[in-house]
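A.B. asks: Starting from the known structure of chain A, fit chain B with the ligand onto it as the hints suggest.
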Amino acid sequence: MAGGAHPDSVVVVGAGQGGQQTAVSLREHGYQGRVTLISGEDALPYERPPLSKAYLKDGAYLRGDSQLWLRPATYYVNQSIDLVAGTVTEIDRAARRVRLADGSSYAYGHLVLATGSRARTLGVPGAGLRGVHTLRTARDAAALGAALAAARRAVVLGAGFIGLEFASVARESGREVTVVESRPRPLARVVTARTGAHFTRAHRAAGTRLLFGQGVAALHGDRRGQVVAVETADGRRLPADLVLVGVGAVPHTELAAAAGLPVDDGVTVDARLLTADPHISAVGDCASFPGPRTGNRLRLASVQNAVGHARLVAGRLTGNSRPYDELPWFWSRQFATTLQIAGLDEGHDREVVLDGGPDAFSVLLFQGEELRAVESVNRPGDHLAARRLLHRPVPLRPAEASAPGFTLKGHLLAASNG
Amino acid sequence: MPDITYITVDGTARVIDVPVGTSVMRGAVLNDVPGIVAQCGGNAQCATCHVYVDEATRDKPEPVRPDEDDMLGFTACPRTEGSRLSCRLKVTEALDGLVVRLPERQY
Ligand SMILES: Cc1cc2nc3c(=O)[nH]c(=O)nc-3n(C[C@H](O)[C@H](O)[C@H](O)COP(=O)(O)OP(=O)(O)OC[C@H]3O[C@@H](n4cnc5c(N)ncnc54)[C@H](O)[C@@H]3O)c2cc1C
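Protein chains in written order, with full-length UniProt numbering: chain A, 1 to 418; chain B, 1 to 107.
Treat the hints with care, as some may be off.
[Unchecked claim] With a straight-line cut-off of 20 Å between C-alpha atoms, the simulated SDA-like cross-links for lysine to any residue are:
1) B:90 with A:392
2) A:53 with A:237
3) B:90 with A:63
4) B:90 with B:64
5) B:60 with B:107
6) A:53 with A:67
7) A:409 with B:67
8) B:60 with B:93
9) A:53 with B:90
10) A:409 with A:392
11) B:60 with B:92
12) A:409 with B:80
13) A:409 with B:72
14) B:90 with B:11
15) A:57 with B:43
16) A:57 with A:188
17) A:409 with B:73
18) A:53 with B:43
19) A:53 with B:44
20) A:409 with B:70
21) A:409 with B:92
22) A:57 with B:19
23) A:53 with B:23
[Said to hold, decoys possible] Here are some chain B residues pointing at chain A (derived, C-beta under 7 Å):
24) 30
25) 32
26) 41
27) 45
28) 48
29) 70
30) 71
31) 74
I should point out that these hints are in silico values taken from the structure, not numbers from a laboratory.
Where a beta carbon is used, it is the ideal one built from N, C-alpha and C, also for glycine.
One chain only, chain B, in its complex shape:
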């Protein structure tokens, strides 16, 4: 299973094996990583699963699609180059080694 590193606001890093076919959001929620709200449960409705993909691993995920792009304009913390909605980051083998940072707040 691909290893994904979650870095929480206090700087703690956790490496989690996330099953292929799920999402970076589910990986966080099911492993109790604090900092992702995901109020809509991963349906790209609420922009409360915002993460910053670390620069060095930024080319691992598929690029942002239009619906996600629209929603990223409305995250609680500012959008940067690495901003993604983690429910839209589908886990594939290509994501192995991905590093994401959690924002300070989600709503």
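So that you can see chain A by itself, here it is in the shape it has in the complex:
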């Protein structure tokens, strides 16, 4: 069988959320072969979401990365998961071996690429100055936390999730904060205008300056190479002693490409998350997979996606092969707002808003008569109900959702009892 179940050994490249979960799930499924988890970072596998949130608050980063660990060190020992520190530099597909930078090599029955992504950098003059940060790893966060402690004025480039989450922490820590975004509103590609407007209000109410529709021309430094200002495309000069560049992430596809595997936006995999080589799978941020509903290529960067992919691949390697069809979900936290998104907005033509009191609402996104996604702001119950509705799926038409007194939970209960 192609991508045969029960290989004698599995090597996982990358020990982030997806790679770690692959190893964990293999053992949970009773896999008895050798499992090698190769980590390019010198830390036990850890979670990234707190890096732009709680980890930066009140010096939490000073207590070290153990508070982020997905499992304790003893877990890997007890489960016979070989955690190897090193960077894979080559996949030899013919010999079924990976080679590491230190010259060592590991043979695999099956290889899982879980290489994640890196922060995109800015191609403007001054981008390499001291005081200019990106945020991807625990080490990045520790450097950013230390810089924040010493900074007075922070400028954030990009109003995406990581940029805005950091902006809220910086503002809560009493720093002067300016966010510069080239699009006309925050989170433009990922949330509706209604939800975006909520975040615009929240940041402005906290005293953060938001500049939309504004590009960056250059970063300026002093004689010692420390950043002192950001120059916008229209010539404004924003004083800064700390700059966070939050302009997206680029998947790590180089290893796969060099091994001759097809790569589009990410490593190209089929509905079962298998690459063109039946002995190699890809999961998480680095994988470009066919969307379960449309077949359109998707590359998602979220905990749910990494964990869902990992579980599916571990299942396949232990004899349960099926196409990936998990419902995507995501969250973000800024100031007192928790945003949760269930489903995926691949285009919608109608929005129905459910009001849930001050600063709390859900936006239901419909394409025609079909519910596609739900954004919930400070409405965790709506979010979990939406996940169930979208997963089953339970039909919901825009007209029903617009009726007075409608609730997602009520609709779900009615469908379960009916």
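C.D. replies: This is chain B with the ligand only, laid out in the frame that chain A set:
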């Protein structure tokens, strides 16, 4: 450090010293207590760290707040009087002696 007792599905009890300032969820994850998934890492996003607080120790933790209350309606195993999300059980000295039972499944 407060002692917290975790009783897994097979009835095994483990007493763990959990540091103040962390959560009952972290205490389980970092000590390899099976039965807590905590997919979202303790951010009250996923309702996969459900526990049942033993009746005798039910008044130790702070009461359920609205966001947790909402989420407890969506746990994989049924909600009962003692149901809590363990990521929302912040560890303080007041939790010393807390007993929690793990549910059969989390998702
Ligand atoms: C600051 C921040 C905040 C986030 N917040 C949220 C959130 O609130 N909610 C949410 O759902 N998601 C959030 N995410 C996204 C989520 O963390 C990622 O989608 C998830 O970590 C992806 O898992 P992964 O395993 O695909 O990649 P990663 O977790 O990035 O792991 C990839 C690992 O592979 C290693 N690697 C790469 N190449 C090699 C090689 N050649 N050899 C060896 N090792 C290699 C890397 O060093 C890295 O450790 C956040 C991400 C960041 C950075």
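A.B. asks: Hint by hint, work out which the structure violates, then give me just those numbers in ascending order.
C.D. replies: Result: hints 1, 2, 5, 14, 16, 21, 28 break, sorted rising.
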